[in-house]
Every structure is written in structure tokens, then in C-alpha cells.
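Visitor: So you can see what is in the structure, the chains are spelled out below.
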Amino acid sequence: MKIAQRELRVSTRSRTEMVDVTGQVEAAVREAGVQDGDVIVFCPHTTAGITINENADPDVVHDVLLALDEAVPRSNSRFRHAEGNSDAHTKSSLVGCSEQVLIREGRLVLGTWQAVYFCEFDGPRSRHVIVQVRGE
Amino acid sequence: MKIAQRELRVSTRSRTEMVDVTGQVEAAVREAGVQDGDVIVFCPHTTAGITINENADPDVVHDVLLALDEAVPRSNSRFRHAEGNSDAHTKSSLVGCSEQVLIREGRLVLGTWQAVYFCEFDGPRSRHVIVQVRGE
Amino acid sequence: MKIAQRELRVSTRSRTEMVDVTGQVEAAVREAGVQDGDVIVFCPHTTAGITINENADPDVVHDVLLALDEAVPRSNSRFRHAEGNSDAHTKSSLVGCSEQVLIREGRLVLGTWQAVYFCEFDGPRSRHVIVQVRGE
Numbered sequence: 001m002k003i004a005q006r007e008l009r010v011s012t013r014s015r016t017e018m019v020d021v022t023g024q025v026e027a028a029v030r031e032a033g034v035q036d037g038d039v040i041v042f043c044p045h046t047t048a049g050i051t052i053n054e055n056a057d058p059d060v061v062h063d064v065l066l067a068l069d070e071a072v073p074r075s076n077s078r079f080r081h082a083e084g085n086s087d088a089h090t091k092s093s094l095v096g097c098s099e100q101v102l103i104r105e106g107r108l109v110l111g112t113w114q115a116v117y118f119c120e121f122d123g124p125r126s127r128h129v130i131v132q133v134r135g136e
Numbered sequence: 001m002k003i004a005q006r007e008l009r010v011s012t013r014s015r016t017e018m019v020d021v022t023g024q025v026e027a028a029v030r031e032a033g034v035q036d037g038d039v040i041v042f043c044p045h046t047t048a049g050i051t052i053n054e055n056a057d058p059d060v061v062h063d064v065l066l067a068l069d070e071a072v073p074r075s076n077s078r079f080r081h082a083e084g085n086s087d088a089h090t091k092s093s094l095v096g097c098s099e100q101v102l103i104r105e106g107r108l109v110l111g112t113w114q115a116v117y118f119c120e121f122d123g124p125r126s127r128h129v130i131v132q133v134r135g136e
Numbered sequence: 001m002k003i004a005q006r007e008l009r010v011s012t013r014s015r016t017e018m019v020d021v022t023g024q025v026e027a028a029v030r031e032a033g034v035q036d037g038d039v040i041v042f043c044p045h046t047t048a049g050i051t052i053n054e055n056a057d058p059d060v061v062h063d064v065l066l067a068l069d070e071a072v073p074r075s076n077s078r079f080r081h082a083e084g085n086s087d088a089h090t091k092s093s094l095v096g097c098s099e100q101v102l103i104r105e106g107r108l109v110l111g112t113w114q115a116v117y118f119c120e121f122d123g124p125r126s127r128h129v130i131v132q133v134r135g136e
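Chains as they are written, first to last, in this note's numbering: chain A, 1 to 136; chain B, 1 to 136; chain C, 1 to 136.
Just chain A, with the same shape it has in the complex (with noise of 0.2 Å):
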């Protein structure tokens, strides 16, 4: 079995932001190798995150962050961090800070509509994501 591990790097321009990274992920599968396994998309940071979701229209991107922003609204009086991004801190562990994705055939197992989403909750920031690629 093959292990092979890359480092992807985003620039997020907003302080809330999903960056569709599925593309370099791809990427990554291919220069492994891989034919059947799966790949592990990891955010090292603890006000962002990685979902999937759709990326047909920008218009769910914008919806899905307006719904993170009101179940986990940003000014909260009863926060104690001083930072002020305990917001952001929430929605990384509602949202998640992985994915896995399937591979086969040498492709990522994906629906139709589904793309792999770097979540920025407290940009802009210089970010990277850990891509690990398994199989044979």
C-alpha cells in the first residue's frame, strides 16, 4: 500500500470563505498513483475547517456561510476569548476540520454536485491543508 502526503496552499480574501480545492486534490491523487483507496483532506487550523457540498451555484456557498453565521452568531457577550473569533472556533468543530474521499479507478468518488471546500471562518489568512493519499 502506498502513503503519500502533500501540502496544498490557499490564500482566503474574506473573513468567511469557501475555497473549492477539489481540483488540487485531484491533483494530488493523480501524482500518487492511486488507483483504489482514498485520500484524507486535512485543515491544520482551528478557526477553519473542510466540508463538501455543492459547487453549481455560488448562491449555496453564500447561503450555507449566512446559516453558519446565525446559528453561531459572531458577537456573543457571554464569549470570554479575547481574540473575538470564538465563532470561528464553533463552526471548525461543527463543520469539521477533514474529509475522506474514495478513490477508484484513479478518480475521487464524488456525487454529481459534491466539491471539496476549504472553510475559512476567521480570514483573510495565508492557510494550508494536508492532503494524504492511500491505496494501491
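Just so you know, the hints here were simulated from the structure itself, not pulled from any lab data. Wrong hints could be hidden among the right ones.
Quick list of the computed label-pair ranges, beta carbon to beta carbon [to be verified]:
1) C:82 x A:11: 46 to 56 Å
2) C:112 x B:59: 19 to 29 Å
3) A:69 x C:2: 38 to 48 Å
4) B:107 x C:59: 36 to 46 Å
5) A:70 x C:11: 30 to 40 Å
6) B:75 x C:75: 15 to 25 Å
7) C:2 x B:112: 24 to 34 Å
8) C:106 x A:35: 22 to 32 Å
Glycine is no exception: its CB is placed at the ideal position from the N, C-alpha and C atoms.
Take the given structure of chain A and dock chains B and C to it, following the hints.
Guide: Chains B and C alone, transformed into the frame defined by chain A:
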């Protein structure tokens, strides 16, 4: 190491619903003949997800779906996506589109009350779930 | 490829609490002698979960638990489950019952501020966590 993929079919009957797929996942593990390893249960849809929760009292599922509805209301005048299912996309990212379960001595390593659920957030629809069994 | 499973014990002291288990996960990785691979940290309970978040300022944990309480209030007249812990079941599905962390050169690949937490949502209780280390 063995890697076996299999596709399950799930038909949902309501807009939101949690369908217990544990038996089908167990069947895939038996068929793959894996004794030690893990199984990934992946949902290729962007308005649905996979979770693990209690299967003893059906009221738990009712309450989880209700609490998600209240945390992410369907109706929001600021949503832009024309299909009117942005709540479902958001729940998909919150609950997540996959779960992994360990396998020991050919059986799923689940707690006493745990079951694997397909979560429908924009049904009723005909859906599918991808199961990958890995191990030895 | 090696696969090693191990069980950790966690005792919680409040209804909601996040317990840093990073050191115990690192010990399991060392014991398994895996240099490259990954570790799955799995919670076999339906009113608890596993997440990765900041371990530098304890106020972050306070604020994450508070924001979860507000997004999913404990008291809800429409909840049906008689045990009164439907909020805990919901948080379990939102945060998720497992995390995966990559291993490189025998060490966990975590960001500077990241720690692995057991999340108690219905304590205090005596809990356990299953750790599976895989790799070479």
C-alpha cells in the same frame, strides 16, 4: 490489504428523515470478508449526510431532526439559492457526508446504542450510499 | 500494514466538558510503532463526540461549549425523548463521533494550536474512546 466498494440504495419518504443503514453496512463488511480494519460510509449527495446516533428510542431521531430544523431554519429571507433547500445544504455540511467505523473480528465496533444513519434533509428522494471496506 | 486498536478511559465531571486526549492518542501511536499512517479516534457514545480545536486558551473551550448550548438549547417543549438529553444527542451528530489524524515520522500531524478533545454533552459520566492506529 483488501479494499472493497459497494453501493447501497436508500429511499426516503419525508423531507427530513434518518434511515438506519447499519444492517446494510454490516452485510457489506461480511461480504468483503474483512476481520480487522474499517469501513467508510459516504453520501454522494449535497442535501443529505451520514451520522451515528441512538437507535433504541425513535424519539431521539425525531428530536435531532427538530433541533437541526431550529438551528438552521428552512425559511430565511436572506437565502439566495433558488431551489429553496439551502437549509438542507447547510445541515449536510454540519452533520457531514461520511462516517468511519472500525471493524474487529469481522464486526462493526459500535457502542451499545449506536447505529449508522443516512440523513435525508431534502426528500423524499431516491438516494445512494457508497461503502468502502478496508482491512485484512 | 499494521493495525492496532486500543481503548482509553475518560472521566467527565460536568454536564458539558471538553477533555484533551491528545497525549493518550500520541501514546497509542508510539506503542503501535507506526511511522507513517493515520489514527482514528472514535467515541462509542451517542451523547458525546470527538473534535479537534485549540488547546492554548481554555476560554476557547468555554466559548465553543457555550455556542453549542445556544445553537441547540437543552430545553425545548417539542422534544419527545424522555431522558431530557436530546440536545446532547444532537450535538453528538453535529460535532461527530470520530476524528482522524495523520501520522508522519511517528508523530501526529497537528497544527500548532490543535488538540484532540473528547466532548462530553451529557455528563458527568465514565466514558471510553477507541483508538485505531494504522500504517507502516
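Visitor: It remains to establish, for every hint, whether it holds in the given structure.
Guide: So, going through the hints one by one against the coordinates:
The given range of 46 to 56 Å is respected by residue 82 of chain C and residue 11 of chain A, whose C-beta atoms sit roughly 51 Å from each other. Take residue 112 of chain C and residue 59 of chain B: their Cβ atoms lie about 43 Å apart, and the range 19 to 29 Å is violated. Evaluation of the 38 to 48 Å hint for residue 69 of chain A and residue 2 of chain C yields a pass: the beta carbon distance comes to about 44 Å. Against the hinted window of 36 to 46 Å, the Cβ-Cβ separation of residue 107 of chain B and residue 59 of chain C comes to about 42 Å, which satisfies the hint.
In this structure the hint that residue 70 of chain A and residue 11 of chain C lie 30 to 40 Å apart at CB holds, the actual value being about 36 Å. Take residue 75 of chain B and residue 75 of chain C: their Cβ atoms lie about 23 Å apart, and the range 15 to 25 Å holds. Taking the beta carbon of each, residue 2 of chain C and residue 112 of chain B are about 28 Å apart, inside 24 to 34 Å as hinted. The given range of 22 to 32 Å is respected by residue 106 of chain C and residue 35 of chain A, whose C-beta atoms sit roughly 28 Å from each other.
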